[in-house]
Amino acid sequence: DAGVTQSPTHLIKTRGQHVTLRCSPISGHKSVSWYQQVLGQGPQFIFQYYEKEERGRGNFPDRFSARQFPNYSSELNVNALLLGDSALYLCASSFTVNTEAFFGQGTRLTVV
Amino acid sequence: AQTVTQSQPEMSVQEAETVTLSCTYDTSESDYYLFWYKQPPSRQMILVIRQEAYKQQNATENRFSVNFQKAAKSFSLKISDSQLGDAAMYFCAYRSAQSGTYKYIFGTGTRLKVLA
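Respectively, the protein sequence lines represent chains S and B.
Under the working numbering, the first residue of the first sequence is numbered 1, with each subsequent residue one higher.
Under the working numbering, the first residue of the second sequence is numbered 1001, with each subsequent residue one higher.
Bear in mind the hints are in silico, worked out from the structure with no lab data behind them.
Careful, some of the hints might be misleading.
[Said to hold, decoys possible] DMTMM-like, lysine to aspartate or glutamate: derived pairs with alpha carbons at most 25 angstroms apart: (1) B:1078 - S:100; (2) S:52 - S:62; (3) B:1055 - B:1031; (4) B:1078 - B:1010; (5) B:1073 - S:100; (6) S:30 - B:1017; (7) B:1055 - S:100; (8) B:1070 - S:100; (9) S:30 - S:75; (10) S:30 - B:1031.
[As the list claims (entries may be wrong)] To list a few chain B residues with every Cβ distance to chain S over 12 angstroms, as calculated: (11) 1018; (12) 1076; (13) 1078; (14) 1080; (15) 1111.
[Claimed, not checked] Part of the chain S face toward chain B, derived, beta carbon under 7 angstroms: (16) 42; (17) 43; (18) 45; (19) 56; (20) 97; (21) 103; (22) 105; (23) 106; (24) 110.
All C-beta atoms in this analysis are idealised placements derived from N, C-alpha and C, irrespective of residue type, glycine included.
Using the sequences provided together with the hints, build the complete structure.
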């Protein structure tokens, strides 16, 4: 079975641009969460979605948004990119909101 | 708010020896989970071991075991018979078991080097 898949694996964007990151959960999993991992730090919670509804949001500005589709895949959108948005973005899927999460390999975003 | 602290930015261990990674946390909740994750250069977070707070018995997974001290809010990871493949970043994480947002709260990590 495929694990959590994220795309793209790497990308470089310019300040002020917009970016969309994608995540496909493990088959059968209905919850997706997003985390931001800045270099040298642990992952920080951004969003959790379950059954297409937002179930939680971390302390991130409104430039960050996400959604979950009927097939349970998810997108994370970041508008007006700042240099400080450069990070590894991790997606995690779980069967429900309170079961064990499995992480993908992340998308490395570099903002120049 | 819950916090997780890892005070050892980097640790080294000789191959086949034992090493202990430290983690402390702060919470006012009584029901929660604690985890140790391994993050190799491939970047994927891999679950090493988990502990339910209501269980007094320390969790064990092969060469990995924890020392869970609930009153002291301490959760250390012991790696026995260290192998070269154990070299990675290790993150301690907390997750509430009460209703609400089941987010993971991570520490800042400990880089483990294994010396041949």
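Structure-based check of all given hints:
For the proposed pair residue 1078 of chain B and residue 100 of chain S, the alpha carbon gap of about 22 angstroms is at most 25 angstroms, so the pair holds. Between residue 52 of chain S and residue 62 of chain S, the direct Cα distance comes to roughly 19 angstroms. Compliance with the 25 angstroms bound is thereby established for this hinted pair. At roughly 10 angstroms between alpha-carbon atoms, residue 1055 of chain B and residue 1031 of chain B fall within 25 angstroms of each other, so this suggested pair holds. In summary, the hint linking residue 1078 of chain B to residue 1010 of chain B is supported, as the alpha carbons are separated by about 15 angstroms, within the 25 angstroms threshold.
Our distance criterion of 25 angstroms between C-alpha atoms is met by residue 1073 of chain B and residue 100 of chain S, whose separation comes to about 22 angstroms. With a CA separation close to 41 angstroms, the supplied pair residue 30 of chain S and residue 1017 of chain B exceeds the 25 angstroms bound. Restraint check for residue 1055 of chain B and residue 100 of chain S: satisfied, since their Cα atoms lie roughly 17 angstroms apart, inside the 25 angstroms limit. Annotation: proposed proximity of residue 1070 of chain B to residue 100 of chain S holds, straight-line Cα distance about 21 angstroms (limit 25 angstroms).
With a C-alpha separation of about 14 angstroms, the suggested pairing of residue 30 of chain S with residue 75 of chain S holds against the 25 angstroms cut-off. Taking the CA atoms of residue 30 of chain S and residue 1031 of chain B, the gap is near 24 angstroms; set against the 25 angstroms cutoff, the hint holds. Interface exclusion of residue 1018 of chain B from chain S stands, the closest Cβ pair being 24 angstroms apart, more than 12 angstroms. The non-interface label for residue 1076 of chain B is consistent with chain S: the shortest C-beta to C-beta separation is roughly 17 angstroms, beyond 12 angstroms.
A cut-off of 12 angstroms between C-beta atoms confirms that residue 1078 of chain B is not in contact with chain S; the least separation is 20 angstroms. Every Cβ of chain S is farther than 12 angstroms from the Cβ of residue 1080 of chain B; the closest lies at roughly 24 angstroms, confirming the non-interface assignment. With a closest Cβ-Cβ approach of about 10 angstroms to chain S, residue 1111 of chain B is found to fall inside the 12 angstroms limit, against its non-interface label. For the restraint placing residue 42 of chain S at the interface with chain B, the shortest Cβ-Cβ distance is roughly 3 angstroms, inside the 7 angstroms limit, so the hint holds.
The interface hint given for residue 43 of chain S is met, as the beta carbon of that residue sits about 5 angstroms from the closest beta carbon of chain B, less than 7 angstroms. With 7 angstroms as the threshold, the beta carbon of residue 45 of chain S comes within range of chain B, its nearest partner Cβ sitting at about 4 angstroms, so the hint holds. For residue 56 of chain S, the interface hint holds, the least distance from its beta-carbon to any beta-carbon of chain B being 3 angstroms, beneath 7 angstroms. At its closest, the beta carbon of residue 97 of chain S sits 5 angstroms from a beta carbon of chain B; the interface hint therefore holds under the 7 angstroms criterion.
Interface restraint check: residue 103 of chain S against chain B, minimum CB-CB distance 4 angstroms, threshold 7 angstroms, status holds. A cut of 7 angstroms between beta carbons decides the hint on residue 105 of chain S: the least distance to chain B is about 5 angstroms, and the hint holds. Interface restraint check for residue 106 of chain S: the shortest CB-CB distance to chain B comes to about 5 angstroms, inside 7 angstroms, so the restraint holds. Interface hint status for residue 110 of chain S: violated, as the beta-carbon distance to the closest one in chain B is roughly 14 angstroms, over 7 angstroms.
Of the numbered hints stated above, those contradicted by the structure are hints 6, 15 and 24, listed in ascending order.
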